[in-house]
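Trainee: Sequence:
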Amino acid sequence: MNLLVISDTHMPEKARQLPRRLIEELPTADMIIHAGDWKSLDIYEQLKTSAPVVGVYGNIDEEDIRGVFPYKQKVECEGYTIGIVHGHGEKKTTEKRALEAFEEEPVDLLIFGHSHIPVLRYFKKTLLFNPGSVTDKRRLPFYSFGKITLEKDCLHAEHIFFKK
Numbered sequence: 164m165n166l167l168v169i170s171d172t173h174m175p176e177k178a179r180q181l182p183r184r185l186i187e188e189l190p191t192a193d194m195i196i197h198a199g200d201w202k203s204l205d206i207y208e209q210l211k212t213s214a215p216v217v218g219v220y221g222n223i224d225e226e227d228i229r230g231v232f233p234y235k236q237k238v239e240c241e242g243y244t245i246g247i248v249h250g251h252g253e254k255k256t257t258e259k260r261a262l263e264a265f266e267e268e269p270v271d272l273l274i275f276g277h278s279h280i281p282v283l284r285y286f287k288k289t290l291l292f293n294p295g296s297v298t299d300k301r302r303l304p305f306y307s308f309g310k311i312t313l314e315k316d317c318l319h320a321e322h323i324f325f326k327k
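Residue numbers for the sequence shown follow the numbering used here, beginning at 164 and rising by one.
Heads up, some of the hints might be wrong.
[Said to hold, decoys possible] Taking lysine to aspartate or glutamate pairs in the EDC-like style, the calculated list, with each CA pair at most 16 Å apart, reads:
{"id": "1", "residue 1": "LYS315", "residue 2": "GLU241"}
{"id": "2", "residue 1": "LYS287", "residue 2": "ASP271"}
{"id": "3", "residue 1": "LYS288", "residue 2": "GLU253"}
{"id": "4", "residue 1": "LYS211", "residue 2": "GLU187"}
{"id": "5", "residue 1": "LYS202", "residue 2": "GLU241"}
{"id": "6", "residue 1": "LYS310", "residue 2": "ASP193"}
{"id": "7", "residue 1": "LYS177", "residue 2": "ASP205"}
{"id": "8", "residue 1": "LYS177", "residue 2": "ASP299"}
{"id": "9", "residue 1": "LYS237", "residue 2": "GLU263"}
{"id": "10", "residue 1": "LYS327", "residue 2": "GLU187"}
{"id": "11", "residue 1": "LYS288", "residue 2": "GLU258"}
{"id": "12", "residue 1": "LYS326", "residue 2": "GLU187"}
{"id": "13", "residue 1": "LYS202", "residue 2": "GLU176"}
{"id": "14", "residue 1": "LYS287", "residue 2": "GLU263"}
{"id": "15", "residue 1": "LYS287", "residue 2": "GLU268"}
[To be verified] Here are the simulated distance ranges between beta carbons:
{"id": "16", "residue 1": "LYS288", "residue 2": "GLU321", "range": "11 to 21 Å"}
{"id": "17", "residue 1": "ARG229", "residue 2": "GLU253", "range": "13 to 23 Å"}
{"id": "18", "residue 1": "LYS254", "residue 2": "THR312", "range": "32 to 42 Å"}
These are calculated hints, taken from the structure and not from any lab test. Glycine included, every Cβ here is placed at the ideal spot set by N, Cα and C.
Using the sequences and the accompanying hints, generate a full structural model.
Mentor: Okay, structure coming up:
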C-alpha cells in the first residue's frame, strides 16, 4: 500500500494550487494522509479525486474543516496501526505533544505536522514522521512531503524534497 503524506498546506494563503511535484505523485497513492492545517476544504476535494483521504484538523483550521476531520485518529493499514495528529498545543515540543496524544493507545507509525520540519526517526518502537510542508518551507531550503510504503513485513518511509 502506498501512502502520500502531507501537512500544513495553508492554502490559499501560502499557495494558490498544490505544487506540481506533489501532483505528479498523486496517481501512485492508494491513500493520502493530511496531518492538519488545511485552511481550505478545497484541498480535500482536490485530493480525494486521486485516492481516499484521511486526516485531522490543525490549529488554523476552522469549523468547516473541524466538522469533517477529528483532532486525532488511528487507521489500520496492512497490519500497521497509524496514529495521526497535528501536534499543536502549548509547552513541550511538537514531537512530544504528538507522542502524548497516543501514549494510551500505542501506534506503529505516528504522523504529525505543525512544525513544518520534516522528521523521520524512531522513538522506542514508534516511527515518527512529519512530512514538512509542500507550500511553506519557512527557513528550510526545500518544500517536502512524504511517501510511505506498507507491506506485510516491511515499512518504508521517505521524504520527497523539492524546490518550486
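Trainee: Confirm or reject each hint.
Mentor: Against the structure, the hints come out as follows:
| no. | hint | result |
| --- | --- | --- |
| 1 | LYS315 with GLU241 | 6 Å, holds |
| 2 | LYS287 with ASP271 | 10 Å, holds |
| 3 | LYS288 with GLU253 | 25 Å, violated |
| 4 | LYS211 with GLU187 | 15 Å, holds |
| 5 | LYS202 with GLU241 | 30 Å, violated |
| 6 | LYS310 with ASP193 | 11 Å, holds |
| 7 | LYS177 with ASP205 | 14 Å, holds |
| 8 | LYS177 with ASP299 | 6 Å, holds |
| 9 | LYS237 with GLU263 | 14 Å, holds |
| 10 | LYS327 with GLU187 | 13 Å, holds |
| 11 | LYS288 with GLU258 | 15 Å, holds |
| 12 | LYS326 with GLU187 | 14 Å, holds |
| 13 | LYS202 with GLU176 | 8 Å, holds |
| 14 | LYS287 with GLU263 | 13 Å, holds |
| 15 | LYS287 with GLU268 | 14 Å, holds |
| 16 | LYS288 with GLU321: 11 to 21 Å | 20 Å, holds |
| 17 | ARG229 with GLU253: 13 to 23 Å | 19 Å, holds |
| 18 | LYS254 with THR312: 32 to 42 Å | 35 Å, holds |
Of the numbered hints given earlier, the model fails hints 3 and 5; all others are met.
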